[in-house]
Amino acid sequence: MSFEVDIDVRYESFAVAAAFQAGPGITALFGTSGAGKTTILNAIAGVVKPQRGRIAADGQVLFDSNTGVNLKPEARRIGYIFQDARLFPHMNVQSNLLYGYRRTAGTRYAEPDAIIALLGLGHLLNRKPSSLSGGEQQRVAIGRAILASPRLLLMDEPLASLDDARKVEILPYIERLRDELKIPILYVTHARAEVDRLAQAVVTVENGRVKVA
Amino acid sequence: MFELSPAEWEAVYLSLKVGLWSTLASLPLGFVLAYVLARVQFPLKSLLSGIVYMPLVLPPVVTGFMLLLFFGTRGPGGKFLSDVFGITIAFRWTGAAVAAAVMGLPLMVRAMRLSIEAVDRRLELAARTLGATWWGTFFTVTLPLSLPGIIAGAVLSFAKSFGEFGATITFVSNIPGETRTLPIAIYSFLQSPGNEGPAVRLAVLSVIVSMAAIIGAEWVEGRVQKRLKVGAP
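The listed protein sequences correspond, in order, to chains B and A.
Sequential numbering of the first sequence, starting at 11, is according to the working numbering.
Sequential numbering of the second sequence, starting at 1341, is according to the working numbering.
Worth flagging that the hints you see were computed from the coordinates, not collected in a lab.
From the three backbone atoms N, C-alpha and C, an ideal C-beta is built for every residue, glycine too.
Everything hinted at is true.
Just so you have them, the derived chain A footprint on chain B, three or more residues with Cβ under 8 Å:
1) 70-84
2) 108-115
3) 153-165
So that you can see chain A by itself, here it is in the shape it has in the complex (with noise of 0.2 Å):
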């Protein structure tokens, strides 16, 4: 029963190469989000925010369309890449990535900047009177301490990325070897009657990933909590 496919191998193969990149892809640039989110007031924060949490209630298909028109072969965006790097990313497996960095970015940035908003920052005051600068204190007071939300982030968007489906097959559709992620593979088995087998196989898959990483990231979390533990004042 548990015997998979090359076929299905190949989906699940890129399955975790799209979360991977996309994870990997996105964590600078969240951190980032989620950091100036946290910490920096300014005009129109609620429209940034806006725009990086919107793909968590936009419809999948229509994030999808839009990074179709943004990045398609006529759009400003793809034409840009293509001009400027040579690159093409529609109908390609890096597009499925930026499809799943979108998906999963509010994901992450939400966790992120949790975390972040937690950092005493009388610590951080602390640590500038005694003698540390802006960056000093960042990476030795800041960063360890939002740690298990920079952890969470990345599983959970790791997590999304592996089994995004909507925006990828409007984005990339849906390309054996190349754009055919799990998620897909499934809905292409259970197009044609009497591929129920290999369904379900990879529907069992992605539950075990999906568990994996979500019991993964609580364990990882727990560990960093309880080396970080702040006691009573």
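Pulled out of the complex, with its shape left as it was, chain B reads as follows (with noise of 0.2 Å):
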């Protein structure tokens, strides 16, 4: 699987210009907060329009300003995994992480019983995001959007609001997710540890500019 983006977005004190490709494996958009990487990430998943460009993956257009191509968030098949966990407090873990698996029928690749135990979530499925701590919590919502079966997985500085200890608890499991997923994950950081550690490629975001490294 692969996936390219091409994207002028502009705002009205502010413009972000980014042009690069991602392949399996962990992309990391490297840069110092404000420079812009989570507008990009945005509007891949929909969720801000770009004036000018063309995203597309695995071959599917998903926005072509060309082409008047826009799809909506829901139609885009991409996960996204924010910095904080986001899991809806009225639901049990389980139900958290079905919900997008119950709206993928026909093009899953993801299976619960499988995820669950990539990510050692099997004993918390009774229980309510309330009272897992943060890095449970963001396991819970990795697994949440995996089981959605994404063709793109974007990762928003997932460890930047956890402890020291947290983020060693998590690590691996992001590597489990790199090496077992045949999907190409981008992943926004601004720590260059995580770059080292996690990423195969790299693209640096400076003020709204995109460099492949």
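Got two chains here, each in a separate frame; can you build the complex from them with the hints?
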């Protein structure tokens, strides 16, 4: 699977231009905060509409300003993992995990038993999100995104709100995902150590400009 | 002391009927208004919220008078209802329900609006990236998370409708068995000397119903809040 993006997003006081490709494995989007990394992810997910450009995954066009294609977020099959886990507070862990899974019949490659085992979530299924630690919440959020069988996974500083002990707890799971899933993962971070440990490719974002390393 | 006469029962029953129907009938409109006020930006939005909230501050007799002008037999709304549907609401219990709904709407919309505004929109975004459509997100995330405010709004509207006086008596008058709700019955008893007994009985009853509604709503709300409790990020 592969993924390509070439977009301009302009706000009144800020502009982001990004053009790069990503293959299977982790591509780090690396840069200081405020550089426009999250804007790029939001445009890819379909939350922000670029003024110009093209986004395609697996040969399918998700956005193209020339032809007017602009798929809704739910039609893009792009998983998005946020800095905060954003679990649904009124559902238990199992319902959270299956939320996307139930909506992706026909195009699935991820199955609950395997993902629950991969992320070590078996003992948490009946718990409410509010009773989980930050690290556990983030693992559930990762499982929830994977179980929607996305063709591309966006991770927006998934470790930034966790303390060091929790980061150490999550990192091996992200490495396992990288090695076992055959999809591209775009991993936004401003932490050099995470880039060195996880990423196969690095895209640097500076003041809204992208440099491919 | 607490034996109610048939006339008093009639007033209690009528107030319950008016309260229930006005609350049920205004729920959908109330929710749509609350959602629009909470989420949609458009010109003249303050005009819409002004109209919705106006009965809260307007003298109730003015609200009732405006309803009478509009829904009375010669008013445009009243004409429309009787020509198209063959319905008259002026001086009927249905008119009392309409007056009660108008008076209860600001309380209902306010409670619902606050709880819709409190729903974390980032959760809705997460739902969309997981494949849920706008409507799917609405029914699985937005609606359940704003449930406490919906319940609170419905109960406040019911309590208000149950005891509405000024707009009701102005719009539908004081007809025993048709529009003489509990507060209007109390008022009628107080018009002639020696009727303090029934007036006190009905007053105590209305205090009990109002307290029960508010305590009941707080209890349900507490249960729902607990179920929805949001943990640390």
